Each structure stands twice: as C-alpha cells, then as structure tokens.
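Each chain, written out:
2 protein chains.
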Amino acid sequence: MVRIENISIIGLGIIGGSLAKAITKRGLSKKVTGIDIDEKIVKKALEEKVIDRGSINLETVKGSDLIFICTYVMNIPKILQEISPYLKQNSIVTDVGSTKEMVMARARDFLPKGAYFVGGHPMAGSEQSGFLFSRQDMFDKMPYIITPYNDTPKVVIEALKDIIEGIGAKVVIMSPEQHDYVVGLVSHIPQIMASAIVNFTKEVEGCDRVIGKGYLDFTRIVSSNPRMWKDILLSNKGNILELLARLRNRLETLEELIETGDEQGIKEFFCKARSYREGLQ
Amino acid sequence: MVRIENISIIGLGIIGGSLAKAITKRGLSKKVTGIDIDEKIVKKALEEKVIDRGSINLETVKGSDLIFICTYVMNIPKILQEISPYLKQNSIVTDVGSTKEMVMARARDFLPKGAYFVGGHPMAGSEQSGFLFSRQDMFDKMPYIITPYNDTPKVVIEALKDIIEGIGAKVVIMSPEQHDYVVGLVSHIPQIMASAIVNFTKEVEGCDRVIGKGYLDFTRIVSSNPRMWKDILLSNKGNILELLARLRNRLETLEELIETGDEQGIKEFFCKARSYREGLQ
Numbered sequence: 390m391v392r393i394e395n396i397s398i399i400g401l402g403i404i405g406g407s408l409a410k411a412i413t414k415r416g417l418s419k420k421v422t423g424i425d426i427d428e429k430i431v432k433k434a435l436e437e438k439v440i441d442r443g444s445i446n447l448e449t450v451k452g453s454d455l456i457f458i459c460t461y462v463m464n465i466p467k468i469l470q471e472i473s474p475y476l477k478q479n480s481i482v483t484d485v486g487s488t489k490e491m492v493m494a495r496a497r498d499f500l501p502k503g504a505y506f507v508g509g510h511p512m513a514g515s516e517q518s519g520f521l522f523s524r525q526d527m528f529d530k531m532p533y534i535i536t537p538y539n540d541t542p543k544v545v546i547e548a549l550k551d552i553i554e555g556i557g558a559k560v561v562i563m564s565p566e567q568h569d570y571v572v573g574l575v576s577h578i579p580q581i582m583a584s585a586i587v588n589f590t591k592e593v594e595g596c597d598r599v600i601g602k603g604y605l606d607f608t609r610i611v612s613s614n615p616r617m618w619k620d621i622l623l624s625n626k627g628n629i630l631e632l633l634a635r636l637r638n639r640l641e642t643l644e645e646l647i648e649t650g651d652e653q654g655i656k657e658f659f660c661k662a663r664s665y666r667e668g669l670q
Numbered sequence: 390m391v392r393i394e395n396i397s398i399i400g401l402g403i404i405g406g407s408l409a410k411a412i413t414k415r416g417l418s419k420k421v422t423g424i425d426i427d428e429k430i431v432k433k434a435l436e437e438k439v440i441d442r443g444s445i446n447l448e449t450v451k452g453s454d455l456i457f458i459c460t461y462v463m464n465i466p467k468i469l470q471e472i473s474p475y476l477k478q479n480s481i482v483t484d485v486g487s488t489k490e491m492v493m494a495r496a497r498d499f500l501p502k503g504a505y506f507v508g509g510h511p512m513a514g515s516e517q518s519g520f521l522f523s524r525q526d527m528f529d530k531m532p533y534i535i536t537p538y539n540d541t542p543k544v545v546i547e548a549l550k551d552i553i554e555g556i557g558a559k560v561v562i563m564s565p566e567q568h569d570y571v572v573g574l575v576s577h578i579p580q581i582m583a584s585a586i587v588n589f590t591k592e593v594e595g596c597d598r599v600i601g602k603g604y605l606d607f608t609r610i611v612s613s614n615p616r617m618w619k620d621i622l623l624s625n626k627g628n629i630l631e632l633l634a635r636l637r638n639r640l641e642t643l644e645e646l647i648e649t650g651d652e653q654g655i656k657e658f659f660c661k662a663r664s665y666r667e668g669l670q
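Chains as they are written, first to last, in our numbering: chain L, 390 to 670; chain Z, 390 to 670.
Extracted from the complex, chain L is given alone in its bound form:
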C-alpha cells in the first residue's frame, strides 16, 4: 500500500488552489504544501489555512508522498526535471494538464527510479483563472481523468484514485493517447470553434447589437486563459488537426443538405444532436 500523508501542490492557480482547498477542508492529508512563483498567492493560501506550509521553492516538495503539478502544460517537463532530485522512493507525481501524451513521454526521462508519474486531468475549472477563483467544491461530481502508463503498479493508481475520489470527483482511467483524442474533441475543438466565431463576430458590424443568451453560453469558454490554450494546441497538434479535418467533412455533408434543401436530412442532423445532448444533463 502507498500511504499518502504529505501532499505538495505546485502552482496555486484555479486548479491548484481548488485542489489545496478540497484536500485540506476534507482532511485528506496530514500535511499540504503549496508552492507558487507568486509569494503573495502563497501568503494568501497560508492565511486562508488552505495549505499548512507554503513556499516559492520547488525543493520544498522534499518528503512528499504525492505531488500535483498545476502549471501550464509546456512548463511541466521543466518542473519534473527540477523536482526530480527531491523525490523519495514510492512518491507519486501527477499533473493537471489538458494534454497528456507529450508530458508523459517526457516524464520518464526525468523521474528517478522508484518515483511514479501518473497523468491527471480534472474536467473541472471555469473560464476564470487564478487562486481567487479556486473553490473547494470545484471537482464535485466532475470527471477527473487519470492516465497511467501500461506498467504503472496498481497500488500507485489506487492511491491516487483514493485522493481524487476523496475530493468528490468521478475517476475515469484511460490511456494518454485516448485522453488526447477525446479531450481534443470535447474540449479543444469547442474552444477553437467558439474563439473563431467570436473573432469573426468582432469583425462584422452590427453583431454586438444582437447577441442573446445562446451566444453567451456558447462562447463562455472563450474567456479562459490564452497562454494555457496556446500550450494545449501545440501539445495536441496532431489530434487537433485531424479532428478539425474530420469536422470539416461533417460540415460539408451538412452544407450539401442545405444546398439541396433536404428537409429530412437537416432535421435528423439537429434531432440526433439534441437527443445526445439531452442525455448528458
């Protein structure tokens, strides 16, 4: 059994902050350490008693049983490299990045023997960012994807799973490859489409006068962090380009239905979407 009594969280943004709050308030770990490059955020988290110990130095992870890396995707490999000397035997390192293949391919190069990396991705958060928007109930009933390697010991997966279920999330286990494809479709493609439509809207006179609730719902995700999204697109390039191509084919089929005035076909297109969407919530 892997005992988790000492958790470190690197990056106290909306996700890292919410993890700290959820873990501390639910008493899931004897000690919670928070590390952030912004000293003010560390101080705030300490004041709010969301962490037991705070630091701006990565070496503070020393002695941790479980470490969450909650930074931009592109920074994760560098952080793995830097914390590597401080990792103890049987410690688990996980991240919360939106893409998994790139990070997991590199994690093996940096981690010392006896320490384990397991990819993680909570399908939670909001269009906001920063510690200010973190909430202890952020993960409640939300999917939290875990992507182990083929040879990750079962005890390691179980230990991480216990913590994730402890914060109220629904654990979903899949390979990093499957993760990047399905998340590409349900998260990255919507982000791209909503942003492309917003940019288009911006350039057409009169649009801003007719915006209703539907548009606001559809484009809510557009307010999220551009730097984060740049990292996601670049680290999931292959899947995103493939998904965009496949989506284009689907749109071409619809365009043909419109062109030929195929009432039945168009109705089916919308009916099919509605029946699936209604099953979701």
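Bear in mind the hints are in silico, worked out from the structure with no lab data behind them.
It is possible that some hints are incorrect.
All copies of an identical chain are treated as equivalent in the list; a pair is satisfied when it fits inside any one copy or across any two copies.
Said to hold, decoys possible - Derived pair list, reagent style DSS-like, types lysine-lysine, alpha-carbon separation capped at 25 Å:
1) 661 - 626
2) 661 - 602
3) 656 - 591
4) 602 - 550
5) 550 - 451
6) 626 - 530
7) 591 - 432
8) 543 - 502
9) 626 - 438
10) 591 - 530
11) 414 - 602
12) 530 - 559
13) 432 - 626
14) 451 - 543
Predicted model only: the values in this text are computed from it and were never measured.
Assemble chain Z onto chain L, guided by the hints.
This is chain Z only, laid out in the frame that chain L set:
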C-alpha cells in the same frame, strides 16, 4: 398616431406565451387574444389569465391593432395569407421568426392595403420550447430586432417599438438583409457548430466519460427545437453557406499557425477572442 389597444398572438409557444405574459402582466394592451392550434394550450393560457380571449381560429384576429405571429418560420407566409381578410386599416402585423428576408419578401404579397407588416426577432428564449417554459421576464434587457421595410411609416415603427420596450427589451432596428447576415453569424452558425460537434462526440468512444462544464455550456443551445432549426437553415441558406465558407477560411489560417508552431499567432487568436467576449458580459 397608431393606437394599440387590442393585441393578438398567434402561436402560444415559449415566445408567444412569454409575449402574452409580458404584455398582460404589464398592462400594455386593453385586450390580449391568444390563438393556438392546441386547444389545451389556449385553455391553459386562459386559466392563467395570460390572455383575455382564446381561440383556435385565425379569424379571431379580427379587430386587432397588432398581431404577433409566433410560429415556425416556414408557416408564417401561410398564416399571413389566412389572416389577411380579417385585417383592419392601420393594423400592424409582426412575427418573431429567426430569419427575416424570406418572410418579408412574401408578406407584401398577402397583406391588404392599409395593413403593415414589420419583421421582428427577439434575441431571447431558451433551448426549451412550449408554453410551459414561457416567462413574463423573457425579454428583459434582451435585444429585440425590428426590421421595417424602407417605406414603413415612422408611426408604425414607433407604435411597435413602444410595445417592445414596454416588455423590457432593447429595440434594435436593422434591415432584413443585415438581420439575416448578423443573426446567421451570432446564432445560426453557433447552432450548426455545436450540433456538428455533438454528433461527432456521439460517435467517438469514451467522450461521454470526460464531459465537463465547458462542453455543457458550449452545447446548451443544441437542445432547442430541430423543426425550428430546419426552417431557419432553409430560409437563410445563402447567408449560412457564405458564413460557413468564411469561417472555414479562418480555421485554415489557424491550422497553419498550429502546423508551423506559431506560438505568438495562436496566443493572439485566443487573446483577441477573449478580449471581445469579456466586453459582452
């Protein structure tokens, strides 16, 4: 001056029902008549005192100063033709359809001399449909587009505008051509994209396990009435095909940025969208 003391509403769905509630509860008309093909709905509206008089016959519009047609877009011309014999001098007929050019081109053929048609489109409603979901505050602070003809008398526009402002909406006046283009972009294209992505999601295994709040927001509009959307696509065919083509060009530009790994370009794409979106709400 055109006096509005007698309003008829044809079609007591979510929009017609909300109009009846808003007009009656705010006392904007001496008499409100509700007409629907479903007798049960008419009875319900009468019981709820949302209308003063109810009927399943179109000729009940007789004597109305203002008539709202709140049916599927494709049915509007037929209804215009059928109510035409009962229209009195200086009466105003308007609709709430999501496309305007097609209806307005045909309205002239059917309306008797001395009666006026002015297109209307409240950017309100929700993904639900039916009288059950109608609300008296549905139009509060929402844009309500009015599309007059070039020669529509100013008094006619003002009389309609008074009622629309009376129910709490923000009146936006534009030509039917501009309406169909800008609404095509802010409403029809999002509906198509969200539906296409939902249909795609449905076919990729594992997607349903990783759906989070962002996807649910982005696809909320997909639950709305397929029959209504079929009518919208067919009656705004030209604009929708053009907008889809232009959107495709924009996506190709983004794909190039991803392909070449242009970090700055990708970041700008998301930054630009975020800054516009944040200005909206």
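For each hint, the structure was consulted:
1. 661 - 626: For residue 661 and residue 626, only the inter-copy Cα distance (21 Å) is at most 25 Å; the intra-copy one is 29 Å.
2. 661 - 602: So residue 661 and residue 602 pass the 25 Å test inside a copy (23 Å) and across (21 Å) alike.
3. 656 - 591: The answer is between: 17 Å across copies meets 25 Å, while 30 Å in one copy does not.
4. 602 - 550: Between copies only: 21 Å across chains, 38 Å inside a chain, cut-off 25 Å.
5. 550 - 451: For residue 550 and residue 451, only the intra-copy Cα distance (22 Å) is at most 25 Å; the inter-copy one is 69 Å.
6. 626 - 530: neither (30 Å within a copy, 41 Å between copies)
7. 591 - 432: For residue 591 and residue 432, neither the intra-copy (40 Å) nor the inter-copy (45 Å) Cα distance is at most 25 Å.
8. 543 - 502: within (17 Å within a copy, 81 Å between copies)
9. 626 - 438: neither (40 Å within a copy, 58 Å between copies)
10. 591 - 530: Between copies, since 21 Å is at most 25 Å while 36 Å is not.
11. 414 - 602: between (36 Å within a copy, 23 Å between copies)
12. 530 - 559: within (6 Å within a copy, 39 Å between copies)
13. 432 - 626: Intra 37 Å, inter 57 Å, cutoff 25 Å: neither.
14. 451 - 543: within (24 Å within a copy, 77 Å between copies)
When the structure is compared with the earlier hints, violations turn up for hints 6, 7, 9 and 13 and for no others.
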